[in-house]
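Spelled out, the chains give:
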Amino acid sequence: MNFNGKAMISLFEDIVGKDRIFSEPEELICYGYDATPIAFHAPDIVIKPKNSDQIYEIMKVVNEYKIPIVPRGTGSGLSGGSIPIKGGIVLPTTDMNKILDVDRENLTILVEPGVITSDINDTVSSLGLFYPPDPASMKTCTIGGNAAENSGGLRCLKYGVTGDYVLGLDMISGAGKRLHYGTGCMKDVAGYNMTKLMVGSEGTLGIFTKILLKLVPLPEAKNTAVAFFADMVDAAKTVSDIIAAKILPATLEFLDSTTIRCVEDFAKIGLPLDKEAMLLIETDGYEDICKKEMREIINICKNNKATAVEEAKSDKDAERLTAARRMALSALARVKPTTILEDITVPRNRLPEMVKYIQITANKYKLNIATFGHAGDGNLHPTCLTNDQDKDELKRVDAAYEEIFKKAVSIGGTITGEHGTGIIKSKYLSLLKTENEIEIMKKIKLIFDPNMILNPGKIFYYESSKDSE
Amino acid sequence: MKLSNEQAKKISDNFQSFDLLKYGDLQQCMRCSFCLSTCPTYKTDAIETESPRGRVALIKAVYDKLLMPSDRFIQHMYDCLDCRACQTICPAGVKPGELALEARERIESELPQTLLKKFILHKVLKSRKKIDIFVKPLSFFQKTKLSQLIKKYDILKWIAGESISEGYKILPNLSGKSFLKTTPEILNSYGREKYKIAFFVGCAMNVVFPGVTYSSVEALRKLGCTVIIPHAQQCCGAPNIEEGEREAYREMAKFNIGLFGGIDSIDAIVTDCAACGSELKNYQKMFTNTEYNFKSAEFSKKIKDFSEFAAPILNEKDLSPVNLEITYDDPCHLCHAQGIKSAPREILNMIPGINCNELENSDQCCGSAGIYSITHYDRSMKILKDKVNKINKTNADIVVTANPGCLMQITYGVNRWSKGKTVMHISEIVNKSLKK
Chain A
1 MNFNGKAMIS LFEDIVGKDR IFSEPEELIC YGYDATPIAF HAPDIVIKPK NSDQIYEIMK
61 VVNEYKIPIV PRGTGSGLSG GSIPIKGGIV LPTTDMNKIL DVDRENLTIL VEPGVITSDI
121 NDTVSSLGLF YPPDPASMKT CTIGGNAAEN SGGLRCLKYG VTGDYVLGLD MISGAGKRLH
181 YGTGCMKDVA GYNMTKLMVG SEGTLGIFTK ILLKLVPLPE AKNTAVAFFA DMVDAAKTVS
241 DIIAAKILPA TLEFLDSTTI RCVEDFAKIG LPLDKEAMLL IETDGYEDIC KKEMREIINI
301 CKNNKATAVE EAKSDKDAER LTAARRMALS ALARVKPTTI LEDITVPRNR LPEMVKYIQI
361 TANKYKLNIA TFGHAGDGNL HPTCLTNDQD KDELKRVDAA YEEIFKKAVS IGGTITGEHG
421 TGIIKSKYLS LLKTENEIEI MKKIKLIFDP NMILNPGKIF YYESSKDSE
Chain B
1 MKLSNEQAKK ISDNFQSFDL LKYGDLQQCM RCSFCLSTCP TYKTDAIETE SPRGRVALIK
61 AVYDKLLMPS DRFIQHMYDC LDCRACQTIC PAGVKPGELA LEARERIESE LPQTLLKKFI
121 LHKVLKSRKK IDIFVKPLSF FQKTKLSQLI KKYDILKWIA GESISEGYKI LPNLSGKSFL
181 KTTPEILNSY GREKYKIAFF VGCAMNVVFP GVTYSSVEAL RKLGCTVIIP HAQQCCGAPN
241 IEEGEREAYR EMAKFNIGLF GGIDSIDAIV TDCAACGSEL KNYQKMFTNT EYNFKSAEFS
301 KKIKDFSEFA APILNEKDLS PVNLEITYDD PCHLCHAQGI KSAPREILNM IPGINCNELE
361 NSDQCCGSAG IYSITHYDRS MKILKDKVNK INKTNADIVV TANPGCLMQI TYGVNRWSKG
421 KTVMHISEIV NKSLKK
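So the protein lines, in turn, are chains A and B.
If you read the first sequence in the numbering used here, its first letter stands for residue 1, the second for the next number, and so on.
If you read the second sequence in the numbering used here, its first letter stands for residue 1, the second for the next number, and so on.
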């Protein structure tokens with residue numbers, strides 16, 4: 001199918017007005033990408049709706065003319081979820097960015113999908129409230145995108161992911177129906193849990209127009225420490241021992257030796273270059289409990305042969321200690337022109353095995369792969385430093401990652417923890433799900449989107465998925 | 001203006017290489033989106049084409065021959081304020097601001113500049129005397145009744161539209177006498193000479209804020225500096241770079257390098273204009289792999305912003321109290337382009353009596369950006385309004401900054417949307433506090 005962008009415009013002008021439609025080549029190029037490496041496909045037109053009524057009317061037209069439509073936030077996704085690989089319309093909901101209500105009695109917040117994630121905390125923190133999910137792009141990404149991808153972040157071990165905070169959704173389905181799932185209640189088992197299904201559906205079932213989120217009390221205090229280990233196994237054992245001691249740190253992050261070396265190269269902050277692993281640990285909550293937990297954690301680190309442990313004595317100290325983790329991606333991204341960041345997750349106790357396997361695979365394919373990530377929840381980001389002009393190396397990157405995905409699945413893990421399936425993981429979905437299981441998912445997709453126009457080509461692998469190249 | 005097919009084709013070919021940067025600098029962008037949160041034009045327009053990531057993608061698309069340059073493409077390149085906030089936040093070290101300037105250079109080499117622009121960029125900026133020729137009648141005109149009437153009844157708005165009329169109001173009253181015209185070439189230190197420095201006088205400081213530069217030089221003299229102010233100095237070239245003009249730029253740069261390089265044993269070349277300081281430090285990049293490589297690097301190494309030079313040599317015992325409620329606004333060309341954020345704060349915290357209120361997003365551009373407030377009036381005003389709203393949230397009576405563009409723009413902003421606040425250059429406060 002081929003859509004003529006210019007001719008399509010007239011279909012939507014009456015709905016949103018001329019100034020919300022963009023179809024110049026410059027605009028189409030800038031809405032053909034997200035943060036996914038290499039992937040690109042330009043849309044035919046871009047429409048920025050102002051409200052849900054406009055989306056409702058747009059959905060009527062696209063269903064009638066069978067025009068592909070792809071909802072988009074700010075395009076910070078890492079699985080190609082908002083790339084219009086079949087052309088058609090890209091629909092950024094960034095102008096629907098109002099915080100509609102903060103309910104201080106029931107601890108909820110009602111927002112439009114275009115609200116920037118960090119704006120939620122900026123709004124509620126002065127009220128002593130807290131919205132925990134903190135994806136790395138929280139200062140630019142939208143809550144609509146977070147809900148669609150079920151984004152994680154650094155605080156997931158203790159606080160969970162975006163989906164754990166979505167209580168209800170207003171949406172318009174692929175078929176153009178207005179739907180509302182969930183309530184403001186903490187308990188709600190009326191019918192199937194459709195809210196949970198919608199979260200992480202990657203814009204393939206419906207377009208969210210309002211999102212009701214749960215808030216929690218803002219923790220009173222925070223303690224920060226770092227520990228270095230000469231052996232990866234000791235670091236991983238520390239992680240399991242902390243959890244086994246019934247302590248849930250807010251943050252439990254891991255950097256491998258390659259990452260440590262790249263950060264030190266870049267920032268010169270005095271990291272030990274001969275260590276295999278670094279852990280960054282933060283506890284939060286009531287001040288005395290928080291301190292007590294940190295004392296226990298430090299003991300656990302020492303018992304597991306940590307070569308050095310340092311606890312922050314002030315906010316400034318804490319900032320210095322978290323610097324290495326905060327700079328990890330920056331430091332890695334500067335080494336080579338192209339940075340391909342992956343997202344496997346394994347059971348916590350299999351971390352050392354997984355990290356070792358990544359290093360062996362990188363060596364086997366002569367690649368530079370650094371690994372950092374959220375040790376507390378087993379979510380690792382093996383990051384390949386490469387060059388997209390080197391086609392031979394890119395082939396080796398693909399082969400290496402495929403082996404890494406297979407290994408992760410074989411030890412009870414998954415191919416993606418928080419980035420989504422999108423286009424780049426779709427061909428690996430069958431590693432995890434049986435044909436029957438995928439068939440049911442496809443049927444669900446058809447119920448919500450019978451014309452297959454809503455974010456087509458995502459999650460499920462179609463031969464034509466290669467169009468995205 | 002409409003770009004002809006032939007011009008578009010030529011510009012497209014020009015994009016196969018850049019003056020200073022390389023294809024790798026485009027490739028390095030991983031499109032992570034972090035820059036969107038700090039870009040003033042993305043904040044006002046909320047569209048990807050007006051973001052640093054978008055501009056990099058557009059330049060790359062032209063390079064990759066996926067996009068033919070168009071008027072719209074050119075517009076996007078010139079919509080960047082060159083505030084460099086994107087370069088501070090970019091995790092991958094991409095320089096979207098500098099890439100936009102490179103694009104302008106490739107565009108300008110094909111598109112003939114208007115005669116007036118050409119005259120200013122090639123001739124006027126080279127001669128401070130010529131600048132005076134313009135300042136005098138303008139200053140005289142400002143003092144006339146006609147000018148007051150124009151301001152009062154917005155006559156220019158009827159004749160020339162809002163941007164020109166408001167642009168006229170942004171320009172402060174000119175004294176009519178430039179700094180260079182009224183100051184000798186050598187000013188001895190007060191007391192024992194501890195340092196010998198040269199002073200670079202920015203064009204805007206020279207004609208619009210001669211009084212401020214007088215304070216800067218006085219403060220430096222009190223700090224024990226003998227100050228040499230070569231009268232022949234030419235413009236740093238920042239306006240040329242912003243417009244994509246690099247021929248006259250390099251001539252002026254060579255002249256300045258030669259002029260200042262000829263002064264014996266100076267400890268530093270100090271300037272109180274953040275934009276000039278940033279450009280002068282940039283000279284070394286502009287002459288890589290040329291015979292000026294070494295000379296320009298030596299020159300750039302000596303450049304110090306007023307705060308950068310003063311902070312380490314200020315001594316608390318020489319400072320008398322200045323009782324002021326202030327807030328500090330980071331000029332983009334100081335904090336993003338030169339990476340100087342702590343020096344001015346150290347200075348302000350050292351001066352007794354000063355209460356410094358932190359300004360929310362103090363490193364966000366005020367919208368001045370050279371002549372942006374005239375060429376992109378509406379967007380510039382939106383950005384400024386946001387800045388003034390944040391200033392209004394503080395208890396400050398005085399906004400302290402360190403760049404002539406910011407001084408003009410924020411003064412205009414607080415006069416329009418705030419009551420009773422004034423704007424000062426940091427050197428004025430230092431000079432007030434320093435005893436002779």
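No wet-lab data here; the hints were simulated from the structure.
You may find that some hints are simply not true.
Have a look at the derived ranges for each label pair, beta carbon to beta carbon [said to hold, decoys possible]:
1. D103/A - S109/B: 35 to 45 angstroms
2. S314/A - K194/B: 33 to 43 angstroms
3. E325/B - S125/A: 21 to 31 angstroms
4. Y23/B - E403/A: 48 to 58 angstroms
5. K187/A - D397/B: 49 to 59 angstroms
6. E185/B - K18/A: 37 to 47 angstroms
7. N387/A - P352/B: 50 to 60 angstroms
8. N357/B - S314/A: 56 to 66 angstroms
Residues from chain B that face chain A, not an exhaustive set, calculated with beta carbons under 10 angstroms [to be verified]:
9. L21
10. L26
11. T44
12. A46
13. H76
14. I89
EDC-like mimics (lysine to aspartate or glutamate), calculated; alpha carbons at most 16 angstroms apart, straight line [as the list claims (entries may be wrong)]:
15. K43/B - D119/A
16. K50/A - D45/B
17. K406/A - E353/A
18. K222/A - D315/A
19. K222/A - D317/A
20. K341/B - D363/B
21. K302/B - D264/B
22. K60/A - E13/A
23. K43/B - D101/A
24. K305/A - E220/A
25. K60/B - E6/B
26. K60/B - E353/A
Virtual Cβ for every residue (Gly too), placed ideally from N, Cα, C.
Hint check results:
1. As the Cβ distance of D103/A to S109/B is approximately 59 angstroms, the hint placing it in 35 to 45 angstroms is violated.
2. About 36 angstroms separates the C-beta atoms of S314/A and K194/B, a value consistent with the hinted range of 33 to 43 angstroms.
3. Range check, E325/B to S125/A: Cβ separation about 26 angstroms, and the 21 to 31 angstroms hint holds.
4. For the pair Y23/B and E403/A, the beta carbons lie near 31 angstroms from each other, so the given range of 48 to 58 angstroms is not met.
5. A beta carbon spacing of about 54 angstroms between K187/A and D397/B agrees with the range 49 to 59 angstroms that was offered as a hint.
6. The beta-carbon spacing between E185/B and K18/A, approximately 60 angstroms, falls outside the hinted interval of 37 to 47 angstroms.
7. A hinted range of 50 to 60 angstroms holds for the C-beta pair N387/A and P352/B, which are about 56 angstroms apart.
8. At about 23 angstroms, the CB distance of N357/B to S314/A disagrees with the hint of 56 to 66 angstroms.
9. For L21/B, the interface hint is violated, since its Cβ never comes within 10 angstroms of a Cβ in chain A; the closest pair sits about 13 angstroms apart.
10. For L26/B, the interface hint holds, since its Cβ comes within 10 angstroms of a Cβ in chain A; the closest pair sits about 9 angstroms apart.
11. At a threshold of 10 angstroms, the smallest CB-CB gap from T44/B to chain A is about 13 angstroms, leaving the interface hint violated.
12. Because the smallest distance between the Cβ of A46/B and any Cβ of chain A comes to about 6 angstroms, under 10 angstroms, the interface hint for this residue holds.
13. For H76/B, the shortest C-beta to C-beta distance to chain A is roughly 6 angstroms, which falls under 10 angstroms, so the interface hint holds.
14. Interface restraint check: I89/B against chain A, minimum CB-CB distance 9 angstroms, threshold 10 angstroms, status holds.
15. Proximity of K43/B to D119/A is assessed by CA-CA distance (about 14 angstroms); at most 16 angstroms being required, the pair is judged to hold.
16. Restraint check for K50/A and D45/B: satisfied, since their Cα atoms lie roughly 14 angstroms apart, inside the 16 angstroms limit.
17. With a C-alpha separation of about 13 angstroms, the suggested pair K406/A and E353/A falls inside the 16 angstroms cut-off, and the hint holds.
18. The straight-line distance between the Cα atoms of K222/A and D315/A is roughly 9 angstroms, inside the 16 angstroms bound, and the hint therefore holds.
19. Among the hinted pairs, K222/A with D317/A is consistent with the structure: their alpha-carbon atoms are about 12 angstroms apart, no more than 16 angstroms.
20. Proposed proximity of K341/B and D363/B is supported: the alpha carbons are some 9 angstroms apart, at most 16 angstroms.
21. This hinted pair checks out: K302/B and D264/B have alpha carbons roughly 13 angstroms apart, not beyond 16 angstroms.
22. Proximity of K60/A to E13/A is assessed by CA-CA distance (about 14 angstroms); at most 16 angstroms being required, the pair is judged to hold.
23. In summary, the hint linking K43/B to D101/A is not supported, as the alpha carbons are separated by about 23 angstroms, beyond the 16 angstroms threshold.
24. The straight-line distance between the Cα atoms of K305/A and E220/A is roughly 31 angstroms, outside the 16 angstroms bound, and the hint therefore fails.
25. At roughly 20 angstroms between alpha-carbon atoms, K60/B and E6/B are farther apart than 16 angstroms, so this suggested pair is violated.
26. Among the hinted pairs, K60/B with E353/A is inconsistent with the structure: their alpha-carbon atoms are about 41 angstroms apart, more than 16 angstroms.
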